[in-house]
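All you need for our numbering is the position in the sequence shown, starting with 1, plus 5.
Read the hints as simulated data drawn from the structure, not as lab findings. This one's a predicted model, so the numbers in the text were calculated from it and none came from an experiment. Note that the Cβ used here is the ideal one computed from N, Cα and C, for glycine as well. Some hints here could point you the wrong way.
[Said to hold, decoys possible] Simulated pairs of lysine-lysine, DSBU-like, Cα-Cα distance not exceeding 30 Å:
1. Lys153 x Lys164
2. Lys245 x Lys260
3. Lys128 x Lys164
4. Lys153 x Lys18
5. Lys175 x Lys153
6. Lys128 x Lys260
7. Lys164 x Lys245
8. Lys260 x Lys175
9. Lys128 x Lys175
10. Lys153 x Lys128
11. Lys128 x Lys18
12. Lys175 x Lys164
[Said to hold, decoys possible] Taking CB as the label site, the calculated pair distances span:
13. Gly19 x Leu132: 33 to 39 Å
14. Glu104 x Arg320: 34 to 40 Å
15. Asp167 x Ala37: 23 to 29 Å
16. Ile375 x Ser94: 27 to 33 Å
17. Tyr40 x Asp111: 23 to 29 Å
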Amino acid sequence: MMSKALSKLKKLKGRSFTEFRVRGAQVIAAAAERYGLSPQARVPSDAALCRSLHLSTAPRGGRGGVGQFGAEQMLEQFRRPTSSNFFASFVAREETLAELRGRFGDGDRALVIERAARICEGKFDLLGLRELSFGEPVNWHLEPISGKQTPLSHWSRIKYLDAAVAGDKKIIWELNRHQYFMTLGRAYWHTGDELFAQTFVAHINAWMDANPPKLGINWASSLEVAFRAISWLWAIHFFKDAPCLTPEVFQRALKFLFLHARHLETYLSTYFSPNTHLTGEALGLYYLGTALPEFRGAARWRDTGRRILLAQLERHVRSDGVYFEQSSYYHRYTTDFYTHFYLLAQANGEHVGDLLEEKLQSLLDHLMYITRPDGRTPVFGDDDGGRLVMLDERAANDFRAALSTGAALFGRADYKYVSGGVAAEE
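Build out the structure end to end from the sequences listed, making use of the hints.
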């Protein structure tokens, strides 16, 4: 007992007052959730959701005040073709599809549809593992290789690093990132088949049923919360015109996105893991604050995300363009994080400074230089096999989609040449 206490005391050596304050606030917040004393530990009521929104006028230029504004109006405003704070391709759906057909023909389309059909059958390809089954209906807490199922306890009480408890936690988390929603969305755009939209709605509803606020392994990592929030934002844009995305489903999803944002700003990895965890969480906040400006907290989420991402540039990206952890996979993650940050800022007319352009191009330069003639990249240092978004079907060690996007962003012919042309992700 004494040795454990001494070990903990040694860890405290050299810590700043700010770190003590931040870590202490997070411990208190988690305790309040466990004892039901925090509003974050429950789904907001309709009235609470209204209080969290700017309702003096309806969002996105719509009509009405608090009394007139409900779930139907929220979805109506979201569906307006000129209302998006997201990427322009979602406003110009037909033009985007025509561009994809012109560049990639039917090959990419067939692959996306085939993979989406298998998802509808409950078969998932994750982290190089093919056709994993998590049961029917999907068990969001199951690790299917070991058969381990984590308990529905408060996230702070789950020993997810213990394989005897969680098996390989990465497999659980990869499913719960919901990046396969993008595959369903792409297939829906290509075909108009409502099965893909219905599967998305069934899965997001089932997930909200099975993952109450702050309970279970899927709330245990702030980075996973951020990635899932980003996936949901992409998904509701893919499916915004689907009949099965009802006002009730949309409103419920907004409540959970609000909870995701509050969780992120409460449990940022500022001192726990100030690497891609922190920048990924910051990107999640920037996405939420940008895509959902109706929320009263949106400006704060956006500003927090922007501040962290810009502050970490000098630390994370060295003068030679190499990511500071010297991992090729996390270098790709960092490149994607800052690319999405840059694109979202551009889409909303926000200037984020010349340093971002300089550092982003230096990240892309390094990716270009380490790409082999066959298009693959040597994987050195840590890696987890994951992605920020799933918008193409490339192998895990093929980073050329990032170069393709960089070529379009900065007019770089060398990026385009090494990338082998245009990627669907662009």
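Has the given pair, lysine 164 with lysine 245, been kept, meaning a C-alpha gap of at most 30 Å?
violated, 37 Å
Between lysine 260 and lysine 175, does the CA-CA distance stay at or below 30 Å?
With a Cα-Cα distance of about 26 Å, the restraint between lysine 260 and lysine 175 holds, given a limit of 30 Å.
Look at the Cβ atoms of isoleucine 375 and serine 94 and judge whether their distance stays inside 27 to 33 Å.
holds, 29 Å
Has the given pair, lysine 128 with lysine 175, been kept, meaning a C-alpha gap of at most 30 Å?
Answer holds: lysine 128 to lysine 175 is near 17 Å, not above 30 Å.
Would you mind confirming whether the straight-line C-alpha gap from lysine 175 to lysine 164 stays at or under 30 Å?
holds, 13 Å
Agreement of lysine 153 and lysine 128 with the hint, judged by alpha carbon distance not exceeding 30 Å
holds, 18 Å
Within a Cα-Cα threshold of 30 Å, do lysine 245 and lysine 260 meet the stated pairing?
OK: lysine 245 and lysine 260 at ~17 Å, within 30 Å.
Are the Cα atoms of lysine 128 and lysine 164 separated by 30 Å or less?
holds, 27 Å
Would you mind confirming whether the straight-line C-alpha gap from lysine 175 to lysine 153 stays at or under 30 Å?
holds, 13 Å
Can you confirm whether the C-alpha distance between lysine 128 and lysine 18 stays at or below 30 Å?
violated, 49 Å
Taking the beta carbons of aspartate 167 and alanine 37, is their distance inside 23 to 29 Å?
Taking Cβ atoms as reference, aspartate 167 and alanine 37 lie about 25 Å apart, which means the hint holds.
Is it true that the C-beta distance of glycine 19 to leucine 132 lies inside 33 to 39 Å, as the hint says?
holds, 37 Å
The structure does not agree with the numbered hints 4, 7, 11, 17 stated previously, though it agrees with the rest.
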